[in-house]
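Trainee: Read off the chains here:
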Amino acid sequence: MTDYRLLITTTISNMNPDNQSPLLAVNNLKTYFQLDEGVVKAVDGVSFDVHPGQVVGIVGESGCGKSVTIKSILRIVPPPGKVVEGEIRYWPQKQATYEASGFDGSVDLAKLDPRGKEMRSMRGSEIALIPQEPMASFSPVHTIGNQLIEAIRLHQKVSKKEAAEMAIERMHEVGVPSPEQRMNAYSWEMSGGLRQRAMIAMALSCNPSLLIADEPTTAIDVTTQAQVLSLLKRLQESHNMAIIFITHDLGVIAQMADYVVVMYLGRVMETGPADEIFHSPQHPYTKALLESIPTVHSASRTFLPTIAGSIPHPFNRPPGCPYFPRCVDYMPGVCDQLTPIIQPVNPKQAASCFLFSDAAEDVEPATVKSKR
Amino acid sequence: MKDEQVTGVSALQLPPASAPTRIVAPIANAIDDPSVLMEVRSLKKYFPIKEGFVKKVVGYVRAVDDVSFFIREGETLGLVGESGCGKTTTARCILRAHNPTSGKILFRTKAGEVVDVAQFSDGEMRPLRAEMQMVFQDPYASLNPRMTLLDLVGEPLLVVGGMKNHQERQARVAELLQLVGLRQEYMQRYPHAFSGGQRQRIVIARALALNPRFIVADEPVSALDVSVQAQVLNLLLKLQNELNLTYLFVAHDLSVVKHICDRVVVMYVGKIVETAPTHNLFFTPKHPYTAALMSAVPVANPRIRARMTPLEGDVPSPANPPSGCYFHPRCPYAVDKCSTDLPLLEELEPGHFVACHRASELQLVGIGDAKTIEIPGLEVDR
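For the protein sequence lines, the chains are A and B, in the order given. The first sequence runs contiguously to residue 371 in numbering that gives the first Met the number 0. The second sequence runs contiguously to residue 381 in numbering that gives the first Met the number 0.
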C-alpha cells in the first residue's frame, strides 16, 4: 500500500461535507478474466467512495469495466472473472444483517465468499441491484407477486400474507397502477416501463442502503425513461438511499448524479462532483467525450469534434495510459511508457493524467520497455 | 417565425421560400415541385393478427396508419418517435422491404420521371434499388461474417450493377473504402476484425456502392459507442455534402436528430403528429406530444434539472389505439373533443404541420427554455 492511495481516499472523502464515514469505499479494485487467449483486465485499479444518500454516476463506453465493477461489488462476476486485488469496504447499516464487521464497522466484500452466508445476506438487503433488462431478469414462469414475496421473505421473518401486503405497498410506491391485480401478472404481460417499475419495487423491497442501477433506462423509450428517472430520484430522496448509477448516457448522468466517476478501459480517468465534471472537465478524455456528443443545444449540421480511433480490443490494451493512442495531449515517451495514477487536480476533482501529476504506477516487469 | 436564426445550417438546406405554403391539406402533390425527391402519400401498413387453427384474422396492427410526407433532394428528413410508433416500418415500406397495405410512394428517378414505388413488382424494383439504399442499425448483425469487405461492398456492384470484372470491382471497392475513411488494404479482411464504428463505415460504403441518391438510415448510430457516434455522424454529413445525398434518418435520439436533420417528422402510434423544420420543431413545438418528448430528453448539464415533467402512462398498442386523438389519454391539455375526433394534419406556419385540435391556442415550450435560465457553462458543449 503506497502513500498516494491514502491521498486519494482523503481527497474523495473531502467531497463529503459532513465528513462521516462512507457507505462504500472501493479501493484499487482489480477484476481480471483469465481466458485462453490471455488475461482481460476488465477492471484495473478502480477506486471511489459512495457516501450515504449520495448518487454516484459511473459513466463510460462499452468495455470500460463499469458493469464488471458493480458485479465485483455484488460479487457476482461470472467465471472465469475474479477479483484479484483491492478492497471493497462496505459499512453495513443494518445491525441484524451483519455483526462480524471490522474495527471501523466495515466489511471487506472482496474477502467474503461469493456464495457464503454473509455475502448472501448483503445482496438485496443491504445492496440491491436494478439490472439493465428487466425482461431478462424476471422469471417468466412465476408471477411478479411471487417473485416479490420471495425476495422479501428471504431477508425478513414475515408470513406470506404480510410479505404480500408489503409487496403491494412497494408496488404502489413505485407507481404501478392497481398493484393488487399486478401481483398475479407475469412479467411478459407488462409493458417495458411497468416491468422496470416492478423491478425497482423488488430492489426496494428490503430497504437497501445502497442501490445499484445498471443502465436502468437504456432498454426503454425517452418518455418512459423520464418517468423512471424521476421515480428513482423521488425514491432516493424519500429513503435517503445511496445510488450507484451506471450509464453511457451523459445526459442521464447529468440529471441524476451528485458525483461522477469517468471510466475508460478498466481505469478511472476522472472523478468529481457532477457540476465540475460537466463544466470544467480536466482529463482529456472527459473533455473530448463531452465535446463529441451532440446535444439538443449544440449547433445543427456542423462537424462535431471527434475522438480519433476506437476503443482498443481488450486483448490489445495499449501499454501505459489506456487512452494515449486517442489522446490529443499525448506526450511521447511518457504516456505510452507509464501508467498514471489518479491524483487530485483541484480541491474537488481528481484525474489520472500526466498533465497534472507525475505519479505513475509501479511498473510491472513485463510491461517495462528498456526505459532509459 | 419572425427573426429566428437557424443556427449552423449548411448550404444544403433549401430556402423556406420553396416550402409548399399553398397547401392546406397535408402535403398534397408535393412531388409536383421539382426539388422534391420523394412523396409518401397516405401510406398504410397493417399487419394482420391471426388466431386459432384456421389462422382467422381477428384484427390488425396499424403499424403505419395514413402517413404523408415529402423529402426534398439533398435534405435530411428525421423520423422520430418511440418504439412501436411505426418509424422503422415506414422506412422499410419505402424501400419495399415491406409491401405497403395502401398508399403511394412517389419517387423521382435519375431520369426525372415520377414513379409510384408502392405499385412496383419485385422485378420492377430492382433497377431502382441502385438509387435507394439502406444503412442498418446494428453493424454487428448486418454484415455477413463469412464475407470479406471486398465481397460485402462488391456484392451490390455484382448483383445490381452487373460489374462482372473482378479488377474493376476491386478498384471501385477501394475507392468506396477510401471515401468512408477506411484503408483499402482492409479489403481482404472479415468484419470481425473491425470495431463497431468501422463496421458502420463498411455498411455505409456498401450502401454507397451503386451511387444512390436516397439513403434510408435506420438508427445508424444508436448501436455505437458515444465516442464513435460523432465520427459516423460527421461521415454522413461529409458524404451528403460531397455526393448530394438525400437521407431519411430514422432515430429515437433527439439530440442526434437535432444535429443532423433539416426537417423532422414526429410519429406516435402509426400517425404523424407534427412535421416541421428542425429549429421550429425543437424551439416552438406545437403538439403536446412533441413538447413532452423534448422535456424528456436528459440534458447533459447538471445545472438544468427538475425540468423533466414526465408523461403519465404508456404508449398505446397500435392494434387497439384509443378513440379520437391517439394521444389524448396521456395529454395534459386534452378536452372533450380530443377523445372523439381524430385531428388532421394542419399547416400552422409555413412548413409546420400539426395534428392537434388545440395546436393554435397552446403555448408549448421546446428545448429553448433552457437558454432563458442563462447558464454560463452551457457553452461547454460548443
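Simulated from the structure, these hints should not be mistaken for lab results. Here a beta-carbon is modelled for each residue, glycine too, at the ideal position from N, C-alpha and C. Be aware that one or more of the hints could be misleading.
Some residues of chain A that are not near chain B, with every Cβ distance over 10 Å (derived) [as the list claims (entries may be wrong)]:
id, residue
1, E60
2, R122
3, E164
4, Q254
5, H296
6, R300
7, D357
Coverage of chain A stretches by chain B, computed from C-beta distances (three or more under 8 Å per stretch; other residues unrestricted) [unchecked claim]:
id, stretch
8, 194-204
9, 223-231
10, 282-294
11, 302-311
Trainee: None of the hints should be skipped; say for each whether it holds.
Mentor: Consistency of the hints with the structure:
| no. | hint | in the structure |
| --- | --- | --- |
| 1 | E60 | violated (4 Å) |
| 2 | R122 | holds (29 Å) |
| 3 | E164 | holds (26 Å) |
| 4 | Q254 | violated (4 Å) |
| 5 | H296 | violated (6 Å) |
| 6 | R300 | violated (5 Å) |
| 7 | D357 | holds (27 Å) |
| 8 | 194-204 | violated (count 0) |
| 9 | 223-231 | holds (count 6) |
| 10 | 282-294 | holds (count 8) |
| 11 | 302-311 | holds (count 7) |
The structure is inconsistent with the numbered hints 1, 4, 5, 6 and 8, although it conforms to all the rest.
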